[in-house]
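All chains should be built: construct the whole structure from the sequences, respecting the hints.
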Amino acid sequence: MLGAWVSGSGVQAELLDRLVAVVGSRPILDSDVRLASGLRLVDLPPGSQESETVAALVDRALMLDEVDRFGPGEPEEAAVEGRFNAIRTQLGTEIVTSVLEQTGVPEAALQGWLRDQIRLERYLEQRFNAMAQPTSDEVQTYYADHPEEFTSGGTRRPLADVEDAIQQKLAAARRTTLVADWLQALRRRARIRLLSASEVQPGPR
Amino acid sequence: MVRRAVALTVILATGHLGASVAAAQGERYVGARIDTVRVDVDGQPVTNPQTLALIETRPGTPLSMIDLRESLVHLFRLDVYDRIEAHATRAGDGVALVYRLTAALNPRRTIFRGSLGLSARTLRRALEERYGRVPATARVDEAAGHLEGRLGDAGFLNAQVAGAVEAVDGTAAVVFTVEAGPRARIGRVDVRGVPAATQSTWVADLGLAPGEVWDRERFDRRVQKALRRLEGDGHYQAEIRHALSPREAGAIVDVEIQVQPGPTVDLTFEGDDIPGNRESDLVPIARERTADEDLLEDSKRRVEEYLRSQGYADASVTYRRVEEADQLHVVFEVQRGRLYTVSAIDIDGIPEGERAGVLSLLRTEVGQPFVQADLDVDVRAVRALYLQRGHTRATVDATVVPAARSGVAEGPAAIRLTVTPGPQTRVGAIALKGLASMPEGVLRQAMRLKPGEPYWEPALATDRSEVLLAYLNRGYRDAAVDVAVAYTDDRSLADVVYTIEEGLQARIDHVLVVGNTRTSTATILGEAGVQPGSPAGLELTSEVQRRLSSLGLFKRVRADEVTQSGGLTRDLIIRVEEAPVTTIGYGAGLEGGRRLISGETPDAPAVERFEWSPRGFFEIGRRNLWGKNRSIRLFSRVGLRRKDSGGTTGDIGGYGFADYRVLATYLEPRFLEWRTDLQVVGLLEQGVRTSFDFRRRGVSADLSRHLSDTTTLIGRYVYSNTSRFNERYDPADEPLIDRLYPKVRISSFSGIVFRDTRPDKLDPMSGALLSGEAELALQAIGSQVGYAKTLLQGFLYRRVPGADRLVFASGVRVGLATGLGNVSVYDEGGNPVLGPAGEPIEVPVTELPASERFFTGGDTTVRGYALDRLGDLPTLDENGFPLGGNAVVVFNAELRVPVWRALGAVAFVDAGNVFASVEEFDFGKIKPTAGFGLRYKSPIGPIRADLGFKLAPRTFADGSRESRPEFYISLGQAF
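From first to last, the protein sequence lines stand for chains V and R.
Using the numbering used here, the letters of the first sequence correspond one by one to residues 824 to 1028.
Using the numbering used here, the letters of the second sequence correspond one by one to residues 119 to 1093.
Read the hints as simulated data drawn from the structure, not as lab findings.
It is possible that some hints are incorrect.
Unchecked claim - Computed beta-carbon distance windows for the label pairs:
hint, chain 1, residue 1, chain 2, residue 2, range
1, R, Q563, V, E900, 30 to 36 Å
2, V, A1008, R, T681, 22 to 28 Å
3, R, T681, V, A988, 39 to 45 Å
4, R, N591, V, G896, 19 to 25 Å
5, R, Q563, V, Q949, 40 to 46 Å
6, R, P364, V, D968, 41 to 47 Å
7, R, E335, V, A1008, 29 to 35 Å
8, R, D515, V, A1008, 55 to 61 Å
9, V, Q949, R, P557, 39 to 45 Å
10, V, G896, R, Q563, 28 to 34 Å
Unchecked claim - A few chain R residues that face chain V, going by a derived Cβ cut-off under 7 Å, partial list only:
hint, residue
11, I184
12, L186
13, A204
14, T207
The structure presented is a predicted model; accordingly, all values stated were derived computationally and were not measured.
The beta carbon of each residue, even a glycine, is placed where N, CA and C say it ideally should be.
So, in structure tokens, the structure goes:
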């Protein structure tokens, strides 16, 4: 909840921003959480709680530490600009500007976020894509085990027609598992502090 | 929490209402005028200006969320707060801001609680080995796991340890709560892989008696011992494994041991011997405890390489493994072949004058065993020499011609090196494109290659790195440097073009200092030499750490850069851990030596007697006075000596004469913020010499200002007063004694400026040292004798063009002095001589005190003369003893030549003289010398031996002639 305290004059103070988590040496502020949810920067289903957004940001910070140590170099400016334009197109320039103003995040910082995001995605691709590829046996097994998925109007589509789709589906699922296992290992090793807002108490007189 | 969660759910469901919540807050506060800003830590207001300076939101300005966020990040970077929150209260049109912080717990000790199992001391030692006295907060859980492992090794198989940082008795501590559980004792023991009859022996040897406490460390030691025993029997591949089966809640542990002795391995060599008894080193089966194929293959190669390094160029080695039931026989068959000795080395393709230089590079030598690997290295070295000289297409071919004499075990090998230098390429023009912010001169100075010099590709690569580094160190972190080379058709010239993309410059925004309690932040920032706005250079953090560490005030210094949002500005966080400010030292001892003492009666001659004298010292130092890196140190030493018998027969005498030295030093860097260092030294001393005792008082004050990295200006005041007593020396020795212990009070001011551009001060091969000193002693400021004195010195060091390894060193020194004012005249009784009116007679000062006069001659001035023995006749007494003079000139010229590896040679010409007065200065009376010497570059500096010859030796009135040569051995170059 928004932390509040009552000043000597009885006026309620409001919490504008605070430190919500620390991942290693990276701080996560409440304004980061609002930015991420306001501009849909983290991949969460609608209706997600604030705590889930924080958890997503914590995971992102853990992964970025690994990317900084081992990962690819800076992406091209055109790629970063493309992402920025996509957000503006999706949400509208006014809303993007408003969110940036209210959270205190400069546009350059948002571009930095998008730059890091591209690096992260490329790192995950390099690290896990090859490992996630299913073998042809696995594809065939899946095809055999899920006939209903490839049957429409009583006709089952041949394997050759659906092989690519099966491959992508299996690869995506396996990659999700690999990334999740990797994240779990990162969480075990890292120092993560989650901070709740301070309790309500009378302000100084 | 519920209210907020509901609000957020609504926001995210609609897709852009999330922005609206933030927008609602923004609408209320963003842009409103900030009336007050307060910072509270644990409810208490903060007044520390450094902390307040981190707050970007200022009263009187509109509230900006960007500034607010920056403030929170800055406070976080201090790493001393757990909670950081910004609250706002609307009051009319304005906003009152409060930053509420909770101090982080910073533990200073470790506490163990619970049932420890082992002693707290043992646990503490186990902790300190890996984590230090107090583990970092981030590693507390890891440290707890480590303690669990340690307890498990000691038999507490179910131990559980939890670590946490807590406030205990008002201070933070790391608290480990230990539940050791029961300590396992050995239950059943089963040893497999050995004969049944030996089971009990094995159990005893491994220390596994049932009922004993299970101790993993002790067990591991016993296992190693058993393995060594098996290896001694030839079982090099023996293994001993174990498995534990705890029962009864960890109170009992059954142990199963699996012993695999492996086969016995024996190693034999057939064929030729291997010189030097190196078999076990070259085939390390016993040491590596394996005889697998990889090791044997490596050993085969090792033996062959070793034999070839001994000159057996055709050596060949094979091996075979023969496995029997429980045995493995490894047999190495060695064929050494003929031993080749280098009979001759010819070098073709280069002028005769260059051959000596090429030969000096070679490892291969006539008369030594021929080693192909050394010859390969030699070929590369010779080629590299010519490449370095600009012969970009140089090739070197080596031909070995062994003498064909069949049936002979040894044979000569003649080596021919054919060098094809090819055309020499020199650097043409060097162009720099893309410069915008960097002065071109700075970049050109960083380059090694210059137009007209031989072109060498590695030097070009180095230059490119230097150019890039120049940008990186000025904050241009994204700078890129490309270099292109265009040759002329005949490859005589290479034009170089550097294309530079500078990028944007990163700068320091805030500099935060954390951890200092006694040292003021201003002092730390001043010494660090960095401030907001400074370029965020690549070496900034290491340079800051180096500067602060060199102060000697801190046990630990760490500087970290933190990139701000946007990336172009960075904060610099400096964390320090202060060292103890007070140091105390003391000691005592006994000195023994022979001393000349008076005889028992006034007429009796002085005698030498061996004496013991107890002595002791005490010193105390205090650093960081008043938080500003000032320091003061007091050193005192006292020794007691027996009193002389004083002429009274039968007087035994006792310990009474104190031989003491008291030295006080005060040092203040950045004196009065003038960027000038102040040092004041006071001295009280009383001592004993062979033929006299002395007492000395003195004080000196130095103000040093570093005008640049190479130029320093020093202002100095010196007061010293020495007196001698209990004198018992021959009057003929007085001039020498006077030089070191002058019976005169001197008070003088000096000004010194020096510029030193020598990269290596111990053995300079380039650069220059220039210095000028002027001293003024006046009776008006307390000096017994007034004088003015100046000394100018210049030394130059240059590599000889076209012969990089030769160094020409030269120097000139000129000193002039004159007396000032008058002094009284004294008779033989020490009484002032009076004039007709009864006034003391005074005469102008013409001679300086002996300690202030100029002397020359010796191994660092004019070689060919003994120490201080060179001087114009008026500066020598009737015995040729030097008295010193008021003017001196010295010239030096020396050619330094490398001979072979660390050995070098020099040829020199020196000249100079000392004159009684400035008026008598005469260039026509300069005495020349010449000579030669050897230099050896030892790890502690060059050791030199010089032989100098007088080119114009004097003939004395009695017809004798000065001896010609003088020989010197010393450390360091002559100048």
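In ascending order, which of the hints set out earlier in this document are inconsistent with the structure? Checked against the structure, no hint fails, so every one of them is satisfied.
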